[in-house]
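Use the sequences and the hints to build the structure in full.
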Amino acid sequence: MPNPTDATDSTDTETNPEASTTDADEFTVTPYAVSGEVDYEKLLERFGATSLTDDQLDRFPDHPMIRRRTFYAGRDVNEYLEAAESDDPHAIVTGRGPSGPMHLGHVLSLYLARRFQRETGATVYVPLSDDEKYLAKDQSFASIGGHTRDNLRDVLAVGFDPENTRIVIDTADADVIYPIAVRLANYLTPATVEAIYGQQDTVGLQFYPAVQATHLLLPQLVAGRQPTLVPIAVDQDPHVRVCRDVAAKEALPVEKPGALLGRFLPSLEGPGKMSSSGDAPSIELTDDPETVAATVNEHAYTGGRATLEEHREKGGDPSVDIPFQYLRFCFEDDDEALELLRCEVI
Numbered sequence: 001m002p003n004p005t006d007a008t009d010s011t012d013t014e015t016n017p018e019a020s021t022t023d024a025d026e027f028t029v030t031p032y033a034v035s036g037e038v039d040y041e042k043l044l045e046r047f048g049a050t051s052l053t054d055d056q057l058d059r060f061p062d063h064p065m066i067r068r069r070t071f072y073a074g075r076d077v078n079e080y081l082e083a084a085e086s087d088d089p090h091a092i093v094t095g096r097g098p099s100g101p102m103h104l105g106h107v108l109s110l111y112l113a114r115r116f117q118r119e120t121g122a123t124v125y126v127p128l129s130d131d132e133k134y135l136a137k138d139q140s141f142a143s144i145g146g147h148t149r150d151n152l153r154d155v156l157a158v159g160f161d162p163e164n165t166r167i168v169i170d171t172a173d174a175d176v177i178y179p180i181a182v183r184l185a186n187y188l189t190p191a192t193v194e195a196i197y198g199q200q201d202t203v204g205l206q207f208y209p210a211v212q213a214t215h216l217l218l219p220q221l222v223a224g225r226q227p228t229l230v231p232i233a234v235d236q237d238p239h240v241r242v243c244r245d246v247a248a249k250e251a252l253p254v255e256k257p258g259a260l261l262g263r264f265l266p267s268l269e270g271p272g273k274m275s276s277s278g279d280a281p282s283i284e285l286t287d288d289p290e291t292v293a294a295t296v297n298e299h300a301y302t303g304g305r306a307t308l309e310e311h312r313e314k315g316g317d318p319s320v321d322i323p324f325q326y327l328r329f330c331f332e333d334d335d336e337a338l339e340l341l342r343c344e345v346i
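In this text, residue positions in the sequence shown follow the UniProt record's numbering: the first is 1, and each later residue adds one.
Treat the hints as calculated values from the structure; they're not laboratory data.
Keep in mind that this is a model prediction, so the values were computed, not measured.
Warning: the hint list may mix true and false statements.
[Said to hold, decoys possible] EDC-like, lysine to aspartate or glutamate: derived pairs with alpha carbons at most 20 Å apart: (1) K42 x D235; (2) K133 x D288; (3) K133 x D201; (4) K133 x E194; (5) K133 x D88; (6) K137 x D150.
See the structure below:
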């Protein structure tokens with residue numbers, strides 16, 4: 001077991017190629033692809049991150065996604081917690097890649113960041129990587145721009161404190177982002193980028209990790225050295241690892257950003273990451289209640305058994321029942337009420 005006071009990495013070389021590859025016999029988790037039944041503990045071994053301790057969970061602002069270990073692991077979490085407890089400057093970075101409408105899976109980290117901001121006064125940075133999505137998706141620049149505007153409205157609807165929130169759009173704020181990214185790119189080799197992300201199709205995508213690193217270091221470049229926490233789904237951890245390697249080279253006056261790693265909101269079709277680009281439907285943030293109800297009723301995988309007889313004998317399985325899991329992730333704050341619902345499922 002790790003020392004409860006030590007939540008740092010288990011490896012100094014965070015851009016280990018093995019950390020971004022996949023076990024073909026089990027599951028795949030990369031920034032661009034998730035498939036199979038994810039073993040979250042094995043991922044920590046691959047990525048070199050550390051499970052959150054009970055003490056760390058207790059020190060975070062109370063939130064169901066923390067209590068229930070939806071966010072279950074991290075990097076340099078103690079530094080962030082100590083700053084928050086001491087009222088020292090500290091920041092959160094959580095962003096959005098605007099390639100389409102936002103769905104439930106996209107907003108988990110945003111609502112968590114809002115809770116931290118309200119409880120501890122964290123400054124929240126929300127970068128929108130319209131440049132990366134233009135390079136990675138088969139869409140026009142105008143189409144990506146439309147998604148950026150729509151996604152921005154969804155981000156604002158989360159309810160961040162406008163005085164303590166910074167929203168960055170890469171192409172609109174290129175005068176800020178680009179000079180920093182160029183400096184950081186000088187410390188990234190093609191071999192490092194390929195080890196983490198695989199072979200990229202364009203020079204633009206090869207350069208993008210420097211832009212991503214800029215996002216994560218921006219709070220310190222604006223307001224000085226301070227603990228920065230990046231709450232993300234675990235498949236996005238390679239972005240943090242690349243940034244931490246660059247920060248360790250002392251190219252700029254910054255500390256390594258920390259990370260808070262989360263589990264995936266499952267697809268309506270069953271275990272697996274909810275995705276707006278796959279075949280499985282998703283619940284978009286702009287869906288009206290009638291649409292949501294119809295989508296859940298028609299598509300949600302349930303924990304019921306294969307036969308009525310087996311179901312009567314064993315009961316349902318809440319761990320794979322999607323309506324229950326959505327309540328657990330997003331919609332039911334009360335743990336006792338959730339436990340009553342779990343008992344009803346089984």
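How the hints compare with the structure:
A threshold of 20 Å between alpha carbons decides the hint, and for K42 with D235 the separation of about 13 Å falls inside it, so the pair holds. Restraint check: the Cα-Cα separation between K133 and D288 comes to about 27 Å, which exceeds 20 Å; the hinted pair is violated. Distance restraint check for K133 and D201: the Cα-Cα separation of roughly 13 Å lies within the 20 Å cut-off, and the hinted pair is therefore satisfied. Distance hint between K133 and E194 is fulfilled; the C-alpha atoms sit about 18 Å from each other, no more than 20 Å.
With a C-alpha separation of about 35 Å, the suggested pairing of K133 with D88 is violated against the 20 Å cut-off. With a C-alpha separation of about 17 Å, the suggested pair K137 and D150 falls inside the 20 Å cut-off, and the hint holds.
Hint compliance for this structure: hints 2 and 5 are not met, and every other hint is.
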